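Fit chains B and C to the known structure of chain A by using the hints.
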Amino acid sequence: MPIYHDQLEVRTHGKGLYEITDNVQSKIAKSGMRNGTVTVFIQHTSCSIVIMENADPTARRDLEKFFDRLVPEDADYFTHDAEGKDDMPSHIRMVLTRTSETVPIADGKMQLGTWQGVFLFEHRSVPHGRKLFLTVMGE
Amino acid sequence: MPIYHDQLEVRTHGKGLYEITDNVQSKIAKSGMRNGTVTVFIQHTSCSIVIMENADPTARRDLEKFFDRLVPEDADYFTHDAEGKDDMPSHIRMVLTRTSETVPIADGKMQLGTWQGVFLFEHRSVPHGRKLFLTVMGE
Amino acid sequence: MPIYHDQLEVRTHGKGLYEITDNVQSKIAKSGMRNGTVTVFIQHTSCSIVIMENADPTARRDLEKFFDRLVPEDADYFTHDAEGKDDMPSHIRMVLTRTSETVPIADGKMQLGTWQGVFLFEHRSVPHGRKLFLTVMGE
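Residue numbers (my numbering), protein chains in the order written: chain A, 1 to 139; chain B, 1001 to 1139; chain C, 2001 to 2139.
In case anyone wonders, no lab produced these hints; they're calculated from the structure.
These numbers were taken from a predicted model, which means no experiment stands behind them.
Quick reminder that beta carbons are idealized off the backbone N, C-alpha and C, glycines included.
There may be inaccurate statements among the hints.
[As the list claims (entries may be wrong)] Label-pair ranges, simulated between beta-carbon atoms:
| hint | chain 1 | residue 1 | chain 2 | residue 2 | range |
| --- | --- | --- | --- | --- | --- |
| 1 | A | D74 | C | D2056 | 16 to 22 Å |
| 2 | A | D6 | B | G1014 | 40 to 46 Å |
| 3 | C | D2076 | A | Q7 | 46 to 52 Å |
| 4 | A | P127 | C | D2022 | 29 to 35 Å |
| 5 | C | D2107 | A | K30 | 16 to 22 Å |
| 6 | A | D22 | B | G1084 | 29 to 35 Å |
| 7 | B | D1068 | A | A106 | 32 to 38 Å |
| 8 | A | K30 | C | G2014 | 46 to 52 Å |
| 9 | A | E19 | C | D2022 | 32 to 38 Å |
| 10 | B | D1081 | C | P2002 | 49 to 55 Å |
| 11 | A | D68 | C | A2075 | 21 to 27 Å |
Pulled out of the complex, with its shape left as it was, chain A reads as follows (with noise of 0.2 Å):
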């Protein structure tokens, strides 16, 4: 079975949600493959990958919101901080998510539900350039 990996660098300016499924589709096209997986894996620690509603702009403004409140920046127990007061939330934001997210392919194309976006979840609050490694496996 071919194997195809690829790397994506995706720029970020602050937190939130930032959509990538059209970036991972072309790749799947680039590969060449039909039938298969796609995992797209991000190479830190302070930010996710996630599924989500990308339809509606405010289904991602009040999930951000609800995260400012689940890890605040101001809990007085953090000590791991030299970066930051989002150094340590943005740890805990990830491991809360995912890193990680394997997406079937069938005809060519990853098997999203209508609503489905695959997105990069910043954590951090200063540009940054994200690196995905993508491995797509199949026929």
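Only chains B and C this time, still in chain A's reference frame:
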């Protein structure tokens, strides 16, 4: 390596955990494969796939109570509520859990531990037909 | 495509993060495979597999403190407590994190970022022998 795709539809009638271990195992049997992995992927953003304790029903009930407290329906800062008070909480619960599980297969069986079951975790109150896409890769 | 299955047993002695990156990498070396993916699957419902920052131990300690607050052992509404006060919290922590991680392999190595390590996240207080099932698929 053979690739086998299949689909499952699960009827849900309100929030909670619905075990689908046997449904997934039947699809693996149908695939004829003995070794590899199965990816169980849910095509929605308001329910999840999780592996959970499947022996004692009180564990599932306590889990549901925990999520009701962690992601309350009456948070006053939610604006995404077109489908009701459980709309935004359903997306948050999904992000906090999983869209898919990938499980190793050996000797034709998922290599689950003694107390592990695969569950659909429904986050909406009204009945739904939930679509799952399964991919078995192996031999 | 070859498929390689293997198992790992990890001894834990109380709650916390136990790094297993080298153990997993050794199994990949043993498989002889250079490209593909590894699925690291834990066969229990009271501990997790997560990828986390592996450079600064304070990050792990802060993560553990966060989870102690997020899922308290003394919640008065838990009824599933046959194995003690950490019984139900251990299942909830597992659902909030992950049962498995799938990591791309290229040039014979897991494609982890600079600060990423693979960890077993133990949620029980008493010592346990934890079983992991690993599947490498590739070439």
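Evaluated hints:
1. A/D74 / C/D2056: 16 to 22 Å: For A/D74 and C/D2056 the Cβ distance comes to about 20 Å; the hint holds.
2. A/D6 / B/G1014: 40 to 46 Å: At 42 Å between Cβs, range holds.
3. C/D2076 / A/Q7: 46 to 52 Å: 49 Å, holds
4. A/P127 / C/D2022: 29 to 35 Å: 33 Å, holds
5. C/D2107 / A/K30: 16 to 22 Å: Between C/D2107 and A/K30, where Cβ atoms are some 20 Å apart, the hint holds.
6. A/D22 / B/G1084: 29 to 35 Å: At roughly 31 Å between Cβ atoms, B/G1084 and A/D22 fall inside 29 to 35 Å, so the hint holds.
7. B/D1068 / A/A106: 32 to 38 Å: 36 Å, holds
8. A/K30 / C/G2014: 46 to 52 Å: Since the Cβ atoms of A/K30 and C/G2014 sit about 47 Å apart, the hinted range of 46 to 52 Å holds.
9. A/E19 / C/D2022: 32 to 38 Å: Holds - the Cβ-Cβ distance for A/E19 and C/D2022, about 36 Å, lies within 32 to 38 Å.
10. B/D1081 / C/P2002: 49 to 55 Å: 50 Å, holds
11. A/D68 / C/A2075: 21 to 27 Å: 24 Å, holds
In this structure, none of the earlier numbered hints is contradicted; all agree with it.
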